[in-house]
Amino acid sequence: MEIISLSCKETEMIGKKLAGNLSGTEVIALFGNLGAGKTSLVRGIALGLNSEDDVTSPTFSIVNEYMGKYPIYHFDMYRINTYEDLYSTGYFDYLDNGILIIEWSENIEAILPEDAIKIFIRYGKGESERILRFEGIDEI
Amino acid sequence: MKILGVDSSAKSASIALIEDGEILSEFFINVGLTHSQTLAPMVKNVLDNTNTNLKDLGLFAVSFGPGSFTGIRIGVSLVKGMAMPFDTPCIGVSTLYSMAFNLLNENAVVCAVMDARCNQVYNAIFDIKDGKIQRLTKDRAISIVDLYKELKFFQKKVIFVGDGAELCYNKKNDYNLNAYIAPKSLRLQRASSVAFAGYNVVVKNGAIGADSLIPFYLRPSQAERELKLKSNK
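Those sequence lines, one after another, are chains A and B. Heads up, the first sequence stops at 344 in the numbering used here, and the numbers go up one at a time, no gaps. Heads up, the second sequence stops at 1413 in the numbering used here, and the numbers go up one at a time, no gaps.
Next up, chain A with everything else stripped away, as it sits in the complex (with noise of 0.2 Å):
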């Protein structure tokens, strides 16, 4: 399934929309470059779980954890190089006990749950234009 967003409100959009379908185990599992929204992806579904957390990039705490009606553990695997680096973070104890979402999964795309919803945005032709593409979720 692919999504055309046209902004970054829309991504938000888009994110709070695909929270209606979460039941609070999930992993989500975000890749694309920089630039490409996936915060805004995030703050979309955490505003769907009615977090009232703000949500920003993890980028130096790896993990960040907002309160909604789940809790959400909001990963940055930008530094995640080795199999040591991730478990230190304690991903595998947040598996199974609130929804994570993944940003720059890429880093660990091999170890991810196989029922993982896959997200993929890429750039389209005007500026503020992203495709979403989504995998392991039929609809939203």
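Hints in this document: simulated from the structure, not taken from any laboratory. A portion of the hints provided could be inaccurate.
[What the hints assert, rightly or not] Cross-link-like lysine to aspartate or glutamate pairs, in silico, EDC-like; alpha carbons within 16 Å at most: (1) B/Lys-1351 with B/Asp-1310; (2) B/Lys-1408 with A/Glu-310; (3) B/Lys-1410 with A/Glu-310; (4) B/Lys-1352 with B/Asp-1326; (5) B/Lys-1408 with A/Asp-289; (6) B/Lys-1410 with A/Glu-313; (7) B/Lys-1408 with A/Glu-288; (8) B/Lys-1408 with A/Glu-313; (9) A/Lys-329 with A/Asp-289; (10) B/Lys-1408 with A/Asp-300.
Chain A is fixed; fit chain B onto it per the hints.
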């Protein structure tokens, strides 16, 4: 000697006080990962309800791995903190070895398994007979498929114990294995078993000080540690 057993190596957590081979008190919870909030109050509860002071304890036994990264750190650091004021001796116990003590009355091959994700389990195999435990493998991370290949060689009945027991037991028919699963009351790691196991280790090898107590982490095999897809390299 009073021994306080501490386990927070996976999803469940427990605290137990044992003395002279008897369990004086045990507190077990299994409601998700909130060990940082629950473990210390559980200790207080167990000590208060048995009229025990920290300084009465002769040994701390803690399951120091394998298991959850955060869980193990919480248990080990709690024990370090409690042991330092009175220089109480400590011992780190393999979580897998401790679970063999759950099934001490069996005459069987006990296969302790903890879910390590990605179709891997932390595992060790023990032979139990007449209340004695003989270790057959070291603690390791192994794929469920490889574990089955090893288990096929045992003539004795095999019993799975641990939070990976169900995972392994459910696949036994695929591999034509005559295996059993520990009942729920004995299936998960228990602080009382950690305390008994700790006592056994200390009798053999002696205790250590709080400053030498560190977590014991297991790494999966090289192939399983790959995070990136091969095509992305």
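The hints, checked one at a time:
1. B/Lys-1351 with B/Asp-1310: violated (29 Å)
2. B/Lys-1408 with A/Glu-310: holds (7 Å)
3. B/Lys-1410 with A/Glu-310: The hint holds at about 11 Å.
4. B/Lys-1352 with B/Asp-1326: holds (13 Å)
5. B/Lys-1408 with A/Asp-289: holds (13 Å)
6. B/Lys-1410 with A/Glu-313: holds (10 Å)
7. B/Lys-1408 with A/Glu-288: Satisfied, since the Cα-Cα distance of roughly 14 Å is no more than 16 Å.
8. B/Lys-1408 with A/Glu-313: holds (5 Å)
9. A/Lys-329 with A/Asp-289: violated (37 Å)
10. B/Lys-1408 with A/Asp-300: Violated. B/Lys-1408 to A/Asp-300 sits at ~22 Å, over the 16 Å cutoff.
The structure fails hints 1, 9, 10 (numbered hints given earlier, in ascending order).
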